[in-house]
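To convert, count from 1 in the sequence shown and add 197; that's our numbering.
Hints are computed from structural coordinates only; laboratory data are not their basis. As the structure is a computational prediction, the values presented were derived from the model and not from experiment. C-beta atoms are modelled at their ideal positions from N, C-alpha and C, and glycine is treated no differently. Just to be clear, a hint being listed does not mean it is correct.
[Unchecked claim] Here are the computed lysine-lysine pairs in the DSS-like style, where the Cα-Cα straight-line distance is at most 30 angstroms:
#1 K230 <-> K431
#2 K431 <-> K414
#3 K230 <-> K414
#4 K320 <-> K414
#5 K320 <-> K279
[To be verified] Distance windows between CB atoms, simulated:
#6 Q280 <-> G351: 14 to 24 angstroms
#7 Q280 <-> Q369: 33 to 43 angstroms
#8 A288 <-> A256: 17 to 27 angstroms
#9 L247 <-> Q273: 17 to 27 angstroms
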Amino acid sequence: MVLLQSWHRMNCLVETCVDTIEAAAAAEVAGAKRIELNAALSEDGLTPSLGVCRAVRSAVSVPIIAMLRPHNCGFQYSSADKQAMLMDAEAMLDHVDGFAVGATLGDSAIDCEFLRNIAEVVKGHRHELELVMHRAFDQLSDQASGMESLIDIGFDRILTSGGEPTADAGKQQLAELIRQAAGRIEILPGCGVRAFNALGILEATGADQLHGSFRVKQRPFVDQEQIQFLADLKIPSRPNLKAKF
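Whenever a hint applies, use it, and build me the whole structure from the sequences.
Printed below as a string of structure tokens:
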């Protein structure tokens, strides 16, 4: 028996974060395969309204990940904040494909109790709904331990820059996270991703997807050329081994 190694190349999956219905539709046209839906990207992204969620659901066919973030005052949430986030999640369950959420404790560790409550609401409603830890992950003092906690809770993906200001600067840590994850949870590099550095991030980390806002001031409020460039990038997958007898 001889093992033959073959390589398959696939396109980079581009997730675009938007805060308008128009931007969501334009991002899909440009090649985005997933939308992270926010309000107020000027505040680093807050929870979108139910009305906007429903309108974007009608406007696009790609998966929608809704942000759960009630304010831009850090990731340590009060009991009232947490209750509001749970109610927002319940209201949007039938209109999105998942949620981006994160919460930390005072010692820069994950608030596991609250995230388990979120997971019970989301996964209990429909198991295929996705849970994504947003860039609150980059506030953690121990990302390796944090990842294991998220896997245990049932999260599907982590959006991270590897603890650095940009994904480009965090390539080494991103590569280590992907090695540690070993397919148990997805690692989504994000922050500062642009056409000029995207391929370098993919090659250095082994990632197969990238996240960015690609914002511009003019309508449709996203740079469609940047999105299309990233969506057209080819990345090598792991080799397939086929037996020949």
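Sort out whether K279 lies within 30 angstroms of K320, counting only the CA atoms. Holds, because 17 angstroms separates the two Cα atoms, which is no more than 30 angstroms.
Given the proposed pairing of K230 with K414, does the C-alpha separation stay at or below 30 angstroms? Holds. K230 to K414 sits at ~22 angstroms (cutoff 30 angstroms).
How does the Cβ-Cβ distance of L247 and Q273 compare with 17 to 27 angstroms: does it lie in that range? The hinted range 17 to 27 angstroms holds for L247 and Q273, with Cβ atoms some 26 angstroms apart.
30 angstroms limit on alpha-carbon distance, applied to hinted pair K431 and K414: holds (29 angstroms)
Okay, A288 versus A256 on CB: inside 17 to 27 angstroms? For A288 and A256 the Cβ distance comes to about 19 angstroms; the hint holds.
Distance restraint evaluation - Q280, G351, Cβ atoms, bounds 14 to 24 angstroms: The hinted range 14 to 24 angstroms holds for Q280 and G351, with Cβ atoms some 21 angstroms apart.
Holds or violated: K320 to K414, with C-alpha atoms at most 30 angstroms apart: violated (37 angstroms)
Q369 and Q280 - C-beta distance against the hinted 33 to 43 angstroms: Given about 39 angstroms between the Cβ atoms, the range holds.
Take the C-alpha atoms of K230 and K431, compute the straight-line distance between them, and say whether it is at most 30 angstroms. holds (15 angstroms)
Going down the numbered hints, you'll see the structure goes against just number 4.
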